[in-house]
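Colleague: Each chain is listed here by its residues.
There are 2 protein chains.
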Amino acid sequence: MKKLACVDFDGSEFEDSYWNELDSFTEKRVLVATAAEVPQDTDGLLVKLGATYNKDMMAKLPNLKYIGMLGTGFGGIDSGFAKSKGITVTNIADYATEGVTEFTFGILLEYLRDLGKARSQAKEGNYSDDFSGSEIKGKKFGVIGLGDIGVRTARLALAFGAEVSYWSRNRKKDAEDAGIKYRDLDDLINESDIVTLNLALTTETEGIITAARVGKFKSNAIFINPSPMELIDFSALTIRLKKDDMIFMLDHSDEMSEVQLGQLRPLKNAIVYPAIAYLTHEATELKKRIFIDNVKNYVAGTPTNNVTSTSLTAAKAEHAP
Amino acid sequence: MKKLACVDFDGSEFEDSYWNELDSFTEKRVLVATAAEVPQDTDGLLVKLGATYNKDMMAKLPNLKYIGMLGTGFGGIDSGFAKSKGITVTNIADYATEGVTEFTFGILLEYLRDLGKARSQAKEGNYSDDFSGSEIKGKKFGVIGLGDIGVRTARLALAFGAEVSYWSRNRKKDAEDAGIKYRDLDDLINESDIVTLNLALTTETEGIITAARVGKFKSNAIFINPSPMELIDFSALTIRLKKDDMIFMLDHSDEMSEVQLGQLRPLKNAIVYPAIAYLTHEATELKKRIFIDNVKNYVAGTPTNNVTSTSLTAAKAEHAP
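So the sequence lines, in the order shown, correspond to chains B and Z.
Using the numbering used here, the first residue of the first sequence is number 1, and each one after it goes up by one.
Using the numbering used here, the first residue of the second sequence is number 1, and each one after it goes up by one.
Check the hints yourself; a few may be wrong.
Derived lysine to aspartate or glutamate pairs resembling EDC-like cross-links, with alpha carbons at most 16 Å apart [stated by the list, open to error]: (1) Lys137/Z / Asp94/B; (2) Lys242/Z / Glu255/Z; (3) Lys268/Z / Asp244/Z; (4) Lys2/B / Asp23/B; (5) Lys123/Z / Glu282/B; (6) Lys140/B / Asp184/B; (7) Lys140/Z / Glu282/B; (8) Lys268/Z / Glu124/B; (9) Lys137/Z / Glu282/B; (10) Lys123/B / Glu282/Z; (11) Lys137/B / Asp244/Z; (12) Lys140/Z / Glu191/Z.
Now the stretches of chain B that chain Z is said to cover, found in silico as 3 or more residues with beta-carbon under 8 Å [said to hold, decoys possible]: (13) 110 to 124; (14) 154 to 163.
Keep in mind that the hints were calculated from the coordinates and are not lab data.
All C-beta atoms in this analysis are idealised placements derived from N, C-alpha and C, irrespective of residue type, glycine included.
Build out the structure end to end from the sequences listed, making use of the hints.
Modeller: Here's what the structure looks like:
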């Protein structure tokens, strides 16, 4: 590359060794505060999650050939237009698969065994064992969406000894061979003791957990959502939760409104965590590594995580939340 | 049986259906408050955890043929003398394998992701994502003692993607075939990021985590003990913990003294839970079922969980904590 512009980066994002590595792929690198400041002769752009690049903005940069997104979602970038202009757009998929999966089991076990209460009680010198937990083993465990995180969640649930089912747009033979049973979405919700929602938000999946489906959860079901809230009919969910006959756990997504958070807060069966499911040291390191490697592989002529490649776009829509 | 005496039972221990089932195995059943009240012509005794039956006490009951322990530990019963007199002693092993294993991963994930803090912070409306967790995947995970709970813990750690090693008195080919590596005890402690202690307390294992071994834990190691504290040199452990360079997590055993608990309480790197590792609905039900089945199988001439059978005694000493 001749000129790589990093928009809204201040240098603190990476250690020097990563910046040095990036510099080896380009003749010049500039850090700019906003898209408006990107030099006209830029051929590479590195951008952050939430960045917007429409047709007009891209048209103003005639040399532009590469946009690297420091994150998974790239909805703000007109990737169709980018493709038509031969601009490669890359993102970072799957860096947080383990982090999100381990978080899911962490919050599930925390709830099932009331660990927070047990720990704080003991810290105060009260060692009463008046607790009655239950086990993941033997539970009917339903996974909605069998992308990377869904598969990992389903397989770990199987290792815990749960009876695992899934629904996904396409059947997954590998998972079925491992003992993960395919179920119709309505049946899956209706039969499971524990349900995890692991879909990406697309026009097809938005609102997929309709009011009718919200009504199908078993009494005392545990519904875990580490994915965008837009997948669920929120109004129907709050009405159901007010009946206090099921548990809803979530890692709140940045897109959730204060109004939604405010509606969940008073409900004791809505267990909300900050947006930390993907936040692990390992995921953070892997994310940086993939981001740099995407640039390296693009420069080498073998782009990775190329969302403007048709086959990958389709695969990704089904994969990462 | 002709007369079954239940010592220190008040009837609330089981649902009626279980009592009815027990009654079908004996001509008469009596509930007595203490061992002194056991009728002289009793041929069966049902006792609770911690019950003491020495030679003299057994000698006073000439018809005694069966002692059923409602628990795993049977140290208070002179099983050697019982055996010499043809008295069958049964206990309840392994009913809590899943409960203890799931608890272990629950408290580990709670610590690694700071879930308690995250949850309570969000409940107060603070959704800050200033958290930096780490993952079980990729960690060196050492299991000391490969009985039922140890094996289950090691296999689940493997499913999480950890690099799992074990030490046990005897090599375990099945575990090694699954990818769980054997290590010398000192090396295991010295190399592992996470160590779980899953040994039964016997004269051989008491104090097995010596002061020297306490000194071998890696800096920042996480040491989880869901087994009796007598396995560890407690004084050396508290000295090491005061250096604040490792984490110790435990499900406090009923045998721990107030003095020990009081010494751990001020240490922020000693994370103590009440004795709840084995407390799940499923384990409680399974425990009752095994207890009743032990009587049933004894009466049928095919005793189960017979701790007076030599081969089983040896196996059990290595197994259940």
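Colleague: All hints, please: hold or fail.
Modeller: A quick look at each hint next to the structure:
Taking the CA atoms of Lys137/Z and Asp94/B, the gap is about 15 Å. The hint holds against a cut of 16 Å. Our distance criterion of 16 Å between C-alpha atoms is broken by Lys242/Z and Glu255/Z, whose separation comes to about 23 Å. For the given pair, Lys268/Z sits about 8 Å from Asp244/Z by alpha-carbon distance, which is consistent with the 16 Å threshold. With a C-alpha separation of about 10 Å, the suggested pair Lys2/B and Asp23/B falls inside the 16 Å cut-off, and the hint holds.
Proposed proximity of Lys123/Z and Glu282/B is contradicted: the alpha carbons are some 27 Å apart, above 16 Å. For the given pair, Lys140/B sits about 15 Å from Asp184/B by alpha-carbon distance, which is consistent with the 16 Å threshold. About 14 Å separates the Cα atoms of Lys140/Z and Glu282/B, which keeps this hinted pair within 16 Å; it holds. Taking the CA atoms of Lys268/Z and Glu124/B, the gap is near 12 Å; set against the 16 Å cutoff, the hint holds.
Between Lys137/Z and Glu282/B the alpha-carbon distance is near 9 Å, which keeps this suggested pair within the 16 Å criterion. Restraint check for Lys123/B and Glu282/Z: not satisfied, since their Cα atoms lie roughly 27 Å apart, outside the 16 Å limit. With a C-alpha separation of about 35 Å, the suggested pairing of Lys137/B with Asp244/Z is violated against the 16 Å cut-off. Distance restraint check for Lys140/Z and Glu191/Z: the Cα-Cα separation of roughly 7 Å lies within the 16 Å cut-off, and the hinted pair is therefore satisfied.
Counting residues of the stretch 110 to 124 of chain B whose C-beta sits closer than 8 Å to any C-beta of chain Z gives 11, which meets the bar of three, so the coverage hint holds. Coverage of the stretch 154 to 163 of chain B by chain Z holds. Counting CB-CB distances below 8 Å, 5 residues qualify, and the rule asks for three or more.
Checked against the numbered hints above, the structure breaks hints 2, 5, 10, 11 and satisfies the rest.
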